[in-house]
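Asker: Now for the letters of each chain:
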Amino acid sequence: MIGEGEPKGWRQPELWAKALPSVALQTLFFLAPLLMTVLLTFQETRSFMLQWAWSLKTWSDIFSRPHYWTILWHTLWMSALCVALCVLISLPVAYALATRLQSMSGHVKVLITFAFLTDATLKTFGWVLFLDQKGAANFLLERIGFPPAMIGFLYTDWATLLGMVYNLLAFTIFTIYLSIANIDRSLILAAYDAGASKWRAFWEVTLPLSRPGIWTGSVLVFLLSVGVFLEPKVLGGGKSPMSAELIRQTFETRVNWPLGAALTIVLMVTAVFVILLFNRVYSLRRHGAAA
Amino acid sequence: MSKTWYGDLPKYYQRQIAALGLDEAGMTRRRLMKSAAAAAGVAAFGGSIGHARAATQMQYMCWEGYNDARIIDPFNQANDTDISFDLIVDSPGGFAKLQAGASREVDLVSSDMPWVTRMGPAGLALELNPDDYADVYATFYDQFKPPFEPLLHDGKTIGVATRWGWVGACINTDVSKEEDWKSYDPVFDAKNKDKICVMDWGDWPILPMALHAGINPYEELDDAALEEVRKVLRAMFKNTRTLVADLTQAQKGLLDGSLLGCIGAGSYLTSAVRKQGHKNIIARVPDPRNGLKQGIIWVEATAIVKETDQPELAQKLLKHVVSKESGHILSLLDTTCNVVTNKGVEQLYSDEEKSILEVDYMWHAYDNSEMHRIAPNIDDMLAIWQEELAAAQ
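Chains as they are written, first to last, in the numbering used here: chain A, 323 to 613; chain B, 272 to 664.
It is possible that some hints are incorrect.
Unchecked claim - Below, computed lysine-lysine pairings styled on DSS-like, alpha-carbon distance capped at 27 angstroms: (1) K546/B - K456/A; (2) K416/B - K625/B; (3) K587/B - K445/A; (4) K577/B - K448/B; (5) K456/A - K448/B; (6) K523/B - K445/A; (7) K462/B - K456/A; (8) K368/B - K379/A; (9) K456/A - K368/B; (10) K456/A - K416/B; (11) K456/A - K466/B; (12) K456/A - K550/B; (13) K456/A - K523/B.
The set of hints was computed from the structure by calculation and includes no laboratory data.
Okay, chain B solo, but in the shape it has when bound (with noise of 0.2 angstroms):
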């Protein structure tokens, strides 16, 4: 005997779905949920907005800029579908609300790669066939057409790039010579003390400065290799005037001079000054040393998730996501400007826009830069990263 959605309920409960005939009606604990939020959201403006109930109820977990009014409306528009949005600040705690239980209610994910690529083992994500998205594949820059070694999983595509960018070195050329940016030297010299900002994101002010001590995070480490990366961002913190989480606090510490450079960050902090007119922070990638590259490029990804009880619409999202038209607006936007993966989009660039996102530079910085995935010892760097900085206290 199969399981019902309701055998977990009380038997008074259980006997009133059956006689309202709710256990014929297909009714999943997804659907209940999201009924239950819409019943919550008509309460709640008390019924007397006149909006026509929309067929479908989807929701969406993205960084913002996804949610776009200019994006979503449209979609919604055509499928008469409502989609609400559970907006993610940071990755890792994006994945780990899925794990904790919201893929039961949401539908798409649209987040950084790597933690796109790990739904894939943790069993979250549905896995696409790329034959379904040949039609997207066709607009796309070579370089994120399948088999995009990324996003696979046993072989399997979890997900399909979204928007992009580069992790180098965060400059304002009033009062730093971009000639000096070669190499990450300028964050060990002494006369930078006080000077240098590193972006408190996790893994990314880490993973440059294994490369500079020429470790390649993204391989296996032993503990010798895991030994220069202490050694690394030791000598890192002796700089440090701050660790910044804010974006915009970045951006004015490079604006008025007081950050020298910052590390961790790249086009994704620099885009949204250079759109205000600020065109002298740029992000800039070291030159390769020691047989390794010293950018980083960052890739978000759209993931459809596998609890979905409307895969063919979250299909259809994720295709209206990396359209030219939603890619124009999606790189674009007041918080941060990046560009996508979606060739068409470029066509669409004013000079000025091209300018912001420094379309003329992406691929020297694309071709300098290891591509970000999931490093085998993020863990060990990570908890490396705390010591080191309560040894630096």
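This is chain A alone, in the form it adopts within the complex (with noise of 0.2 angstroms):
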């Protein structure tokens, strides 16, 4: 038995016993499907039919085809725009929750909750309809006095930007909100008694050490942000498809099945460089406060 404070090596069968269960979980479910997906990317397809032959015509067709950077880019770009948008709205609201409402936060966070857990596809047609050229939004400004179709951003990026920041809000404002609520509140009264103004102990406590949370749902979101379809598709118009759209389409209209897990590896490959990049910066940056 390893006993406590006993250090503890891969050489202790107990260990290993404990670990089993979970790397064969892992190995069955997430490594074993991916190595698939990996040795998928270098087969080809004949009339739309696999065929089992080795070959890195799908690697050289992605390196060679500018437009799959280009919908990376632009996968990324609106992904980093939305966790940006989302970590702003949310900051404000988790700030409320915590801080200001806490009398009224229960029902602000069961709301929240059936907002998020209502069907994402119900949710995007609901903005479609309220957006429309023809829909309730123009309709009552209208009725006020505007003019027709004053609002035209249906079937663009910013409205593609807006269902993604819509679907996805609930992921930053909860995990925003768990690190504010667990801030010592005598932190916050100490700076204060320092002779801190609100806005300078929200700088110097509350935000820093709210960062936890803002890091955690950045990463939830972004992750999620790169793999949405549903909004560049319906609010957007699909004509500035991301990278989950293209590979849906290479999978399932062109039969393409290497093209599609390449694709698929790209962007997994991809999403996760960031993710380690800002995570390397992020350690630096406090490392570099600490020193």
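Hints given; two lone chains; assemble the complex.
Answerer: Below, the structure is given as structure tokens:
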């Protein structure tokens, strides 16, 4: 038995036994499908049928055609904007829930949760009905004297962004809320005692201490953003496809599984790389601040 | 020594199967899967529902509509079958699923004709003997009787045509004149910027635009021809307001006038709206241009899966699906209304139903359209579509 305080090493069979179920599950349901996906990228298709012949054709196709990278760049850009907007909107909401609206926070959280749990397809099509040229928003504006079809940003990237932020906002609200709610109130009071203004106390104490929540929420929103396909298709009008839609088209419409698998790998690797990069920057800045 | 159906299982299970006598029972993987599915179904309902167990389980991969209870229930009752459905939302996806192994469970497939035809070279379809279907073909319009070339592979019949319609420009006559759509020119007219809807349905919007550019997409295309396709798609995207994959979104846009015309669809899109009384929504095939017909006839076909363990019942079901009674139901669904290949169904239509389906127009559309079939360069054209869409951002 491994005692408290004893150094743990991989030679101890008990540790292996404890880790085995988790390792087995990860291998079976994550690593094995991932490996299959990677292997698939080295195959070819002919007449819409998979040919089990080792080839680099798919990868040379990906690296020789710039449009895949244009769409990937567009996806990363839209995801970064979505993360920034979600954090900007969530910070005051979460701060208010944790500090100013404590008596109502239960009701507000329930409302946010209900909105979050409502089917994304329903919410997204709801926005179409609201934002359409002949939709509810333009109808109301016209009734109070504005010119017809004043809101005309449906089927643009702005509408896509609206849908993404709306559907993913709950992730940042709740993670930031948890961070702020767990801040020791005496630290903020100490800042006030030291003469800090409310803004200064927020900037110097609350914001740095809520960084874990901001970071966690940002990672969640970013990872989910790079995979969205409903919002660009329905609200964006499909004219600015993002990577997930490109992958869907490649798998379903073109029935080109090796290319679809390769595009999936490219998206996964890029998303992980971006997160690791920011994690590194975040760590360096934290260590810099500590020093 | 022949390989048994359970030969891949661990020895322990092999012994159990042998002990239970299942090795002698003509058990196949397909039957095992179906039995497991049936057992799961019984378990899910707790066995409390007093249905008598149907003798034969069947699986039907089809578009929505073919599974209508009014079509399937009489067949189940007459043949003591229990048909489950694998509904497809796009034909390539259905084909990919069959390739991925669903062919081991599915008995019958109703999908877009080119994808049914592709089942031939893919080894997924049971080749049909047209003589076995003489009674069916006797009721068909001449245009779909054998030898129906688009459904042939190496001279062998792969499937039977079921439902059809035409692809052209879908318009609202309250906001756009029918005469303006004698060609696809309004799609490229600068005054229609942000008023054109393009259906995001794979090859469907690409093919009419290729025809407009003077390229026959159903022939082998060289680089110059593909470059013309690229140019026409680039021009189309300039005026495109939205790419729509959802039928109702396009129908709504046409109805409220926010969309002037929809490209890549046709009677499949307009008919359900016409059924609701909006007779101002029509699908029109442009006049021939550059020696090429500008419309496209789409056909859905039904094929029997090669690995079916119920070839006779599958054949019976196929014949049932194309029968006059089933055809009448199939042609007037809530989601979409389309004419069928069975000529006898026309006698069952009321005047209102004929108006919904534009029966008076259908042969004009047919005569001015290319028959949809496998386009040899479709993957090149789809790649161009993706490239031009990315460039249009």
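Asker: Against each hint, give a clear statement of whether it holds in the structure.
Answerer: Hints and how they fare:
For the given pair, K546/B sits about 23 angstroms from K456/A by alpha-carbon distance, which is consistent with the 27 angstroms threshold. For a cut-off of 27 angstroms, the pair hint linking K416/B to K625/B stands: about 23 angstroms separates their Cα positions. Proximity of K587/B to K445/A is assessed by CA-CA distance (about 44 angstroms); at most 27 angstroms being required, the pair is judged violated. With a C-alpha separation of about 49 angstroms, the suggested pairing of K577/B with K448/B is violated against the 27 angstroms cut-off.
About 21 angstroms separates the Cα atoms of K456/A and K448/B, which keeps this hinted pair within 27 angstroms; it holds. With a C-alpha separation of about 17 angstroms, the suggested pairing of K523/B with K445/A holds against the 27 angstroms cut-off. Restraint check for K462/B and K456/A: the C-alpha separation of about 20 angstroms stays at or below 27 angstroms, so the hint holds. Taken as a hint, the K368/B and K379/A pair is honoured in the structure, with Cα atoms around 24 angstroms apart against an allowance of 27 angstroms.
Restraint check: the Cα-Cα separation between K456/A and K368/B comes to about 39 angstroms, which exceeds 27 angstroms; the hinted pair is violated. In summary, the hint linking K456/A to K416/B is not supported, as the alpha carbons are separated by about 46 angstroms, beyond the 27 angstroms threshold. Between K456/A and K466/B the alpha-carbon distance is near 13 angstroms, which keeps this suggested pair within the 27 angstroms criterion. Only pairs whose Cα atoms come within 27 angstroms are accepted, and K456/A paired with K550/B is accepted, the gap being roughly 21 angstroms.
The straight-line distance between the Cα atoms of K456/A and K523/B is roughly 10 angstroms, inside the 27 angstroms bound, and the hint therefore holds.
Checked against the numbered hints given earlier, this structure breaks hints 3, 4, 9 and 10; the rest are met.
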